[in-house]
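Novice: Chain residues, written in single-letter form:
2 protein chains.
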Amino acid sequence: MAKAHAESLDKALEELRELLGRKRLDTSLASRTLHADDPTWNPVLPADAVTFPETEEEVVEIMKICTRHRIPVIPYGSGTSLEGHISAPEGGICIDTSRMNEILEVNAEDLDCRVQPGVTRRQLNSYLRDTGLFFPIDPGADASLGGMAATRASGTNAVRYGTMADNVKSMRVVLPGGKVIRTGTRARKSAAGYDLTRLFVGSEGTLGVTTELVLKLSGIPEAIKTGICTFPDVEAACNAVIETIQCALPVARIELLDAFTMATINEYSHLGMEELPTLFIEFHGSPSHVREQADAFAEIAGGHGGRVKEWAEKEEDRQHLWRARHDAFWAAKAAFPGMLAMTTDVCVPISRLAECVTETQEDMRHNGLEGPIVGHVGDGNFHVILFAAPDDEERKQAIMAFAKRLAERAITMDGTCTGEHGIGMGKLKYMPMQHGPALDVMRAIKQAIDPLGIMNPGKLIPPAE
Amino acid sequence: MAKAHAESLDKALEELRELLGRKRLDTSLASRTLHADDPTWNPVLPADAVTFPETEEEVVEIMKICTRHRIPVIPYGSGTSLEGHISAPEGGICIDTSRMNEILEVNAEDLDCRVQPGVTRRQLNSYLRDTGLFFPIDPGADASLGGMAATRASGTNAVRYGTMADNVKSMRVVLPGGKVIRTGTRARKSAAGYDLTRLFVGSEGTLGVTTELVLKLSGIPEAIKTGICTFPDVEAACNAVIETIQCALPVARIELLDAFTMATINEYSHLGMEELPTLFIEFHGSPSHVREQADAFAEIAGGHGGRVKEWAEKEEDRQHLWRARHDAFWAAKAAFPGMLAMTTDVCVPISRLAECVTETQEDMRHNGLEGPIVGHVGDGNFHVILFAAPDDEERKQAIMAFAKRLAERAITMDGTCTGEHGIGMGKLKYMPMQHGPALDVMRAIKQAIDPLGIMNPGKLIPPAE
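Chains as they are written, first to last, in this note's numbering: chain A, 59 to 523; chain B, 59 to 523.
Derived by calculation from the structure, the hints in this document are not laboratory data. Backbone N, C-alpha and C fix where the C-beta goes; we use that ideal spot for every residue, glycine too. Any given hint could turn out to be false.
Below, a list of computed lysine to any residue pairs in the SDA-like style, where the Cα atoms sit at most 25 Å apart [to be verified]: (1) Lys504/B / Asp498/A; (2) Lys122/A / Ala506/B; (3) Lys462/B / Ala502/A; (4) Lys487/B / Arg383/A; (5) Lys504/B / Pro509/A; (6) Lys504/B / Met489/A; (7) Lys237/A / Leu486/B; (8) Lys237/B / Met491/A; (9) Lys122/B / Pro495/A; (10) Lys274/B / Gly343/A; (11) Lys122/A / Asn183/A; (12) Lys122/B / Ala502/A; (13) Lys237/B / Ala88/A; (14) Lys274/B / Asn297/A; (15) Lys454/A / Gly396/A; (16) Lys274/B / Pro495/A; (17) Lys274/B / Glu466/A; (18) Lys462/A / Pro509/A; (19) Lys237/B / Leu497/A; (20) Lys237/A / Lys122/B; (21) Lys274/B / Glu301/A; (22) Lys462/B / Pro101/B; (23) Lys122/A / Ala502/B; (24) Lys237/A / Gly494/B; (25) Lys122/A / Gly494/B; (26) Lys487/B / Pro495/A; (27) Lys237/B / Pro521/A.
Some chain B residues well away from chain A (every beta-carbon gap over 10 Å; in silico) [unchecked claim]: (28) Gly79; (29) Asp200; (30) Ala211; (31) Cys305; (32) Gly330; (33) Leu334; (34) Ser344; (35) His362; (36) Lys372; (37) Arg423; (38) Gly426; (39) Ala459; (40) Cys475.
Modelling step: build the complete structure from the supplied sequences, incorporating the hints.
Specialist: Below is the structure:
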């Protein structure tokens, strides 16, 4: 679709202004830019206006207006995605769902809750505090739950609790044209027709706008034990992870931070941790069960030269450790002041993890690239974060070439170019290699649900060759 | 689509005969009838021929021939589905995948395996015996894995291990027209585009023919403890289940058999079990963990008037108990000799389980209907099996009316008309109430992937009103 014609855009803006008033239709450059800017170096391409609906009915009206005038629609949660999902390469209307942030019900008996899309994961967990339940998916940033569903987010807890694909039971979605559907039910399973919930989860706003989600909740474990364990090298750490997963030790989190990352974290958070490849691990369960698991892990790690440095059980101490882990991205940014960041996100079968990481390290060394390696290694998923000065085109090119080699390496190992960040604009180029002819099925589905191509154009589906 | 014209059918059969030879293109009435006959009273509508491909290439050629001549294609696994999935209301070509029954690889390190669609679950588990791994999905019958994926099967282990939706990583599918796609990867997660694996799982052969599956495997637990526990009434048993699930006790199986079922099983298998509402439960884990869980369950059950009758730990004793459970359907059939069976399959949020079961019992009493109630109650899923003489139209009507009330009851409780059997032809009538406008999205997807409507027509998607 070409950039919206000025005339139809003007008409659409007029109708939107009537619907929402001036306060909830923002055409200022500042707001439009803010809504298209993500934490990486993806291009910031502002929409023509930002809307702030407060009800599903208003989303329906916005969709009707945009459909009538064939104006692109860019759904926006909290702007923490990393692949340019919120950029507007063809202009259009950004739908900021942050005012739809009510927790509508908690069904403690069924271990689920119903929320609006603008609720963030921290808001939900803070609300749940007294119920004995929590929402486990933890992508690091305080993302909106609608956005997390859209990108099929996961994070540190996924090795035990799954990703958004496993934790969304049902959604309400406004389709192009304004029709509202509900996918799924609140039952634990269903065999009634195509699994639309799992089609919309991970669809990156290219099929519709989410207005409600039913999410699975989990019981807060009776006991939690967090540990850090250093290794002589990254390969040894990966091999310990592989053995842990293969022994079916029910680890709740198992995160790799390489020596470089540990150094940046020490600097950023004024800590004095050893600057060696390190696993952050966590176990959930009954006190005795957690103890058993921690002992079993220590034995596995020891076999790979690992040394458990610390076990933390008190909430405060555990939070302290995880804050350090979650600050890894910002610590890295601080280590490269004034530079732009790019992050990779491959995920491979666990048996290929050590090989994939060590080949990647070799590639970095060979090409003079430096940056942290961190990862949700229990899932075979790891990130390399690389930096370039804004005007250093040569370095950017070198990094992009590295990222391409890495994506291809993962795909060749029967893995994926993106474990949890999604395709957005940044990874479009890998889609043909990732999916082969299955990409045509995705195109056919997109065309069937969004025939005018107004939903988040330029994301997820690459242009036909 | 109207019934295939005789002329194009003749041409298609000629081409198929050339491809497969006379032995692997069976047009005998006996074989055609057998391939359309399921264990329930769904109409037996034979295809025009049954094919037995041995390779993906042959499936591609069959699909090309059927597409060219617009002949319906009915995929067939082992014929154990219960909703008329294998019937051919518009005639066409049945593709029996039973000769594609190779286990292609087992990746013990990644806890997965790659199989052809005709491999049955027992065949796979027998093959895996020495690896310490098993494939947990257990629908009772020795179904083919391709068929289990097609119907999104689950069964007794789903409460712990999930359904086919959670245990298929990747598939190869031949689409109408003959194009072959591969969905997903072997990585534990991916955020790369639409989740086609989970679209094809549960699509009941209406989108393509599966030619390969990558399945997740689980470690055989160190210890397994199976128990039976009787209750004064079904409501009390349901309330014990609800509390067990809400306490997040990691039960591996929790099955309800009502007093009627216990009586038929005693008769059928010459057992002397108490004829009271009974839960069959099972725990998996370390010996100490399993003991802890069994004790916790006994305490919960006791609070609802339950009495644990027996704990079995030896494989032989456990198999004995589960054989009785799995024979429930056949025991019921034996109790109604010469009659035809119809089975319901609702699934509701666990908080509504007791209410749904007791209202259903009341409905049965009120309408003079008698038959076993059995269920995978940990998921909120239960079946009522009802019987009528082949020529007793009045009773059939009464049963169908009851089944409709039950489906509507479950949907009203935010549940589903089918937890694990699928829609097929038997439940088409519930699709509008189940999905509302979302049904149009399913229609659009079907149209996009199978524009000629040749894939298993008359199943899953009801005709437009």
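Novice: Each hint needs a verdict: does it hold in this structure or not?
Specialist: Against the structure, the hints:
1. Lys504/B / Asp498/A: The given pair, whose Cα atoms are some 14 Å apart, holds under the 25 Å limit.
2. Lys122/A / Ala506/B: The given pair, whose Cα atoms are some 23 Å apart, holds under the 25 Å limit.
3. Lys462/B / Ala502/A: violated, 35 Å
4. Lys487/B / Arg383/A: violated, 52 Å
5. Lys504/B / Pro509/A: holds, 15 Å
6. Lys504/B / Met489/A: Distance ~23 Å between Lys504/B and Met489/A Cα, so the pair holds.
7. Lys237/A / Leu486/B: holds, 23 Å
8. Lys237/B / Met491/A: It holds: about 17 Å lies between the C-alpha atoms, which stays within 25 Å.
9. Lys122/B / Pro495/A: holds, 16 Å
10. Lys274/B / Gly343/A: holds, 24 Å
11. Lys122/A / Asn183/A: Violated - the C-alpha atoms of Asn183/A and Lys122/A are around 34 Å apart, more than 25 Å.
12. Lys122/B / Ala502/A: Roughly 19 Å separates the two Cα atoms, so the pair holds.
13. Lys237/B / Ala88/A: With a Cα-Cα distance of about 48 Å, the restraint between Lys237/B and Ala88/A is violated, given a limit of 25 Å.
14. Lys274/B / Asn297/A: holds, 21 Å
15. Lys454/A / Gly396/A: holds, 14 Å
16. Lys274/B / Pro495/A: holds, 24 Å
17. Lys274/B / Glu466/A: With Cα atoms ~24 Å apart, Lys274/B and Glu466/A stay inside 25 Å; holds.
18. Lys462/A / Pro509/A: violated, 31 Å
19. Lys237/B / Leu497/A: The hint holds at about 12 Å.
20. Lys237/A / Lys122/B: Since the Cα atoms of Lys237/A and Lys122/B sit roughly 36 Å apart, the hinted pair is violated (cutoff 25 Å).
21. Lys274/B / Glu301/A: holds, 17 Å
22. Lys462/B / Pro101/B: holds, 18 Å
23. Lys122/A / Ala502/B: holds, 19 Å
24. Lys237/A / Gly494/B: holds, 11 Å
25. Lys122/A / Gly494/B: It holds: about 20 Å lies between the C-alpha atoms, which stays within 25 Å.
26. Lys487/B / Pro495/A: violated, 34 Å
27. Lys237/B / Pro521/A: Cα-Cα ~21 Å, so holds.
28. Gly79: holds, 29 Å
29. Asp200: holds, 19 Å
30. Ala211: violated, 8 Å
31. Cys305: violated, 8 Å
32. Gly330: Gly330/B is indeed farther than 10 Å from all Cβ atoms of chain A, at 34 Å.
33. Leu334: holds, 26 Å
34. Ser344: The assertion about Ser344/B is violated, with a minimum of 7 Å to chain A.
35. His362: The assertion about His362/B holds, with a minimum of 15 Å to chain A.
36. Lys372: Nearest chain A Cβ is 23 Å from Lys372/B, so the label holds.
37. Arg423: Holds, because the least Cβ-Cβ distance between Arg423/B and chain A comes to about 25 Å, which exceeds 10 Å.
38. Gly426: Consistent with the label, Gly426/B stays out of reach of chain A, its closest Cβ about 29 Å off (over 10 Å).
39. Ala459: Non-interface label on Ala459/B holds, nearest chain A Cβ at 20 Å vs cutoff 10 Å.
40. Cys475: Violated, because the least Cβ-Cβ distance between Cys475/B and chain A comes to about 6 Å, which does not exceed 10 Å.
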